[in-house]
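Mind docking chain P on chain Z? Use the hints.
Given next are the chains, with one letter for each unit.
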Amino acid sequence: MSDVSFSYPGSAAVFRLKSLTIEAGEAVLLTGSSGSGKSTLLGLLCGILQASSGEIFIAGEAMSRASGKRRDRLRADNIGYVFQSFNLIPFLSARENVLLAGEFSARRSKCAGRTKKDRQRYAESLLTEFNVEDTERRASSLSVGQQQRVAAARALFGEPPLLVADEPTAALDTSNRDTLLGAFVDKTKRRGSSLLMVSHDPDVAKFFDRSIEISSIARWE
Amino acid sequence: MPMILSFALKSLMDRRLTIVLSMLAVATAVALLASTEKIRSGVRAGFDNTISGADLVVGTRTGSLNLLLYSVFRLGDPLQSVSWETFERVAQHPDVAWAIPLSLGDSHRGYRVLGTDDTYLAHYRYGSDVPLKIANGQWMSTPSDAVLGAEVARALNYNVGTEIILSHGIVSAGFADHDDAPFRVVGILAPTGTPVDRTVHVTLSGLDAIHGGDTDEGATPQAITSFLVGMENRPVALQFQRVLNTYQGEPLTAAIPGAALSQLWSVIRPVETILRLFTALVFAIGMVGLSTTLLASLAGRRRELAILRALGARPSDLMFILTAETVLTSVGGFIIGWCTAYFGLLVFGPTLQENYGLVLSVTGPNSFDGLVFLAVLASSFLLGLVPGIAAYRSSLNDGLSPG
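These protein sequences, in sequence, are chains Z and P. In terms of my numbering, the first sequence is residues 261 to 481. In terms of my numbering, the second sequence is residues 928 to 1330.
Chain Z with its partners taken away, still in its complex shape:
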C-alpha cells in the first residue's frame, strides 16, 4: 500500500497512508488505539473500501485500480480473513464453514481439491491441525475458542497468499490466545503466506516478525 487516501461518503475526514509493505511469508502485527484507522486500513486492503487515490497491491494484483466486482474476486482468491469474534455462520457445521471459503473463489477451491470429497478431506485436515475434532457440529454450539480456531482454519483454506486478522484473540483467555496465535502464525508461515494482524494486546508481539504502530504510517486529517 502506498500513498493511499480515503474518506467515507459524506465525511470530511481523509485517511492518509504513506506506505505499508508486507513480504511473502512475513507475519506483521499492527497496533494502535481505537479510531486510529485500523479498520479502515483493513477495509482498504481487503477491497471492501475503495481508495480515492494511491496504490494497493495484493500478491502482485492492483486492488486499488480494480472494479468492485474484481475487488471481491481478488479478496476471495487472495485473502483469508478472521474477525474479532462471531466468525462463523451459526447454522452451518464447522466443516461447512471452512468449505465456504472455497465457494467464492475458484482458485482456492481448486487448490483445496478437485472433487468435493477432496475438498472435504482438505477441510477436515485443516480443522485437525487446529485441534477441532467434531467437524460436523453446528458452529453455534462450539465454544468461543473453538469458533476462533475454525475461523483460522477457514482463513487458511485454499492457501491464500495473505491472511488478515482483526483482533482474533480479543475474546479469548491467555492460554487459548497463545494456542491459537502460535498455531495460526506457524501454519501461515509454513504455507509461505503473509499475515497482517491487528491487536491491542502488546503481549502478542512475540509471535510476529515485526510490529507496526499505525500512527507511524497513517493518520486521519
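Just so you know, the hints here were simulated from the structure itself, not pulled from any lab data. Beta carbons are placed, not taken as given, at the ideal position from N, Cα and C, and that holds for glycine. Be aware that a few hints might be false.
Pair ranges (Cβ atoms, derived) [unchecked claim]:
hint, chain 1, residue 1, chain 2, residue 2, range
1, Z, K376, P, V1215, 37 to 45 Å
2, P, F1308, Z, V274, 39 to 47 Å
3, P, F1308, Z, R470, 49 to 57 Å
4, P, R1320, Z, S313, 19 to 27 Å
5, Z, A430, P, F1205, 53 to 61 Å
6, P, L936, Z, A430, 26 to 34 Å
7, Z, G320, P, F1308, 34 to 42 Å
8, Z, K376, P, R1320, 31 to 39 Å
9, P, L1309, Z, V274, 36 to 44 Å
10, Z, S271, P, F1205, 48 to 56 Å
11, Z, S403, P, L1279, 39 to 47 Å
12, P, F1308, Z, K376, 25 to 33 Å
13, P, R1320, Z, A465, 47 to 55 Å
Counterexamples of contact, computed for chain P against chain Z with all Cβ distances above 10 Å [unchecked claim]:
hint, residue
14, E1012
15, D1072
16, A1305
Below 30 Å or equal to it, Euclidean Cα-Cα: the simulated DSSO-like pairs (lysine-lysine) are [to be verified]:
hint, chain 1, residue 1, chain 2, residue 2
17, Z, K466, Z, K449
18, P, K937, Z, K370
19, P, K1060, Z, K329
20, Z, K466, Z, K376
21, Z, K449, Z, K376
22, Z, K376, P, K937
23, P, K937, Z, K377
24, Z, K278, Z, K466
25, Z, K449, Z, K377
26, Z, K329, Z, K376
27, Z, K370, Z, K329
Same frame as chain Z, now just chain P:
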C-alpha cells in the same frame, strides 16, 4: 449458483419457526384465492353444464330466470302449469325438432320427482352435448315405472326393483304420501354432475295416476309445468321465442337458457368482484407480512452477511440470497396453500355437492393457479428486493465490521 441457493435454504431452515409462520400467511392467502376461485368457477360450470342443446325453455308467464331455475335446476319458486294442449301445439310446430314435457311438484325423500316421457332420454343434453345414459336397467315404459338419477340411487341405496312411494310437495312430511300407488325402479341413470342425478323420473301418466287421474296408458295428462324445445334451425329460436311470448291461447314465457343464465351471472357479478377483491387483499397482506418479517430479521443477520462479504461474496450475491429466501418462502407458502385448497375441496367437495348441489370438478393446476403462482413469484421477487437492496447497501457501507 447452487451453493448460494443451498445457503439460503439452510438459513431459512435455521429460522424455521418464523419462516413457517410467514409461509402460513402466504398459504392462507393462496388457499383462499384458489378455493374461492374453484368454487366460483365450479358454480358457474355447474350451471352452464346442466343444460345444452335445448333452444328454449317454455312455461307459464314468469321471469325467464325463474322459469329456467325452476324447471331445469329445481330451484326458485314453483310455477303455474301449462296446458297439455299448448304443449302439443308447440311440439307439432314445423320449426320444432323436439319438445320435452316437464312436470314437477312431487318429491321422494327430499328428491324432486320429474314427470316426463321418452323424449327426455332421447333429447335431453348436458355438458358439451352429452346425452343421458342408463347405467342399470332400462327407461320407463309403464305408469308405475321410475328411473332414478345416479345420486338418488346411491344415497338411498336403491336398486332396480326397489319400490318407492312419492310425496306431494317437496318436503317429505309423511301425511301427504301417495302410498296407495307405489312405483317400481326400472332403471338408474349414469352420473351427470347435474340436477338430473338428484331427480326421480316417472312417466306423465304415472304422475297423473297418483293425483287421481286416469291410469289408462293412452290417456293424456291435463297439464305440465314447463317444456324444453329444440328447434330444427337454431337461428329460428329467437323468432319462435317471440311467437310463444305473444301466444294467444294462454300466457307463456319462452326463455333462451344461455341468455337467462347470463342474466343470472350479471346479478352475481358484483358479489364475485367483491369476493375477489377481498381475497386479493388477504393475498397482499400475506405478502407484505412476509417482506416485513424478512426485513426485520435483517438486522440480526448483518454479521452473517459481513462474513460472506469477507469471504469474497459480492453485494449482488447477498442480494440474491435475501431475494431467493423471500421467493422460496412464498413458493413454499403457495404449495402449502394450493394443496390445502386442493385436498380441502377433495374432502369437502361431496358435502358441498350433497348440501348445495354444487359439483366441483377438482382438477389439477389450471391456468388460474398458474396465474396465482406467477403473481406469488413476481410479488415475492419484488418484495424480496426490499431486504435484498437493504443488504446490498449496508454491505457496501458497513465495511468488514458491522457494529
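Open item on the list: Hint check: K329 (chain Z) vs K376 (chain Z), CA-CA at most 30 Å. Holds or violated?
Closed with: holds (26 Å)
- [ ] For the pair supplied as a hint, K1060 (chain P) and K329 (chain Z), confirm whether the alpha-carbon distance does not exceed 30 Å.
- [x] violated (71 Å)
Open item on the list: For K376 (chain Z) and K937 (chain P), compute the direct alpha-carbon distance and say whether it is at most 30 Å.
Closed with: holds (19 Å)
Task: Verdict for F1308 (chain P), V274 (chain Z) (Cβ pair) under range 39 to 47 Å - done: holds (41 Å)
Task: Given hint K370 (chain Z) paired with K937 (chain P) - CA-CA distance at most 30 Å - done: holds (24 Å)
- [ ] Could you check the hint for me, namely that S403 (chain Z) and L1279 (chain P) are 39 to 47 Å apart, CB to CB?
- [x] violated (60 Å)
- [ ] With 10 Å as the threshold, tell me whether D1072 (chain P) passes as away from chain Z on beta-carbon distances.
- [x] Correct as stated: the minimum Cβ-Cβ distance to chain Z is 73 Å, above 10 Å.
- [ ] Mind checking the hinted window 36 to 44 Å against the Cβ distance between L1309 (chain P) and V274 (chain Z)?
- [x] Given a distance of about 40 Å, which is inside 36 to 44 Å, the answer is holds.
Task: Distance restraint evaluation - R1320 (chain P), A465 (chain Z), Cβ atoms, bounds 47 to 55 Å - done: violated (38 Å)
TODO: Starting from K466 (chain Z), check that the Cα of K449 (chain Z) is at most 30 Å away, please.
DONE: holds (15 Å)
Open item on the list: I want to verify a distance hint. Is the separation of the beta carbons of R1320 (chain P) and S313 (chain Z) within 19 to 27 Å?
Closed with: About 25 Å separates the Cβ atoms of R1320 (chain P) and S313 (chain Z), which means 19 to 27 Å holds.
Task: A430 (chain Z) and L936 (chain P) - C-beta distance against the hinted 26 to 34 Å - done: holds (33 Å)
Hints 11, 13, 19, 20, counting from the list given before, are not met by this structure.
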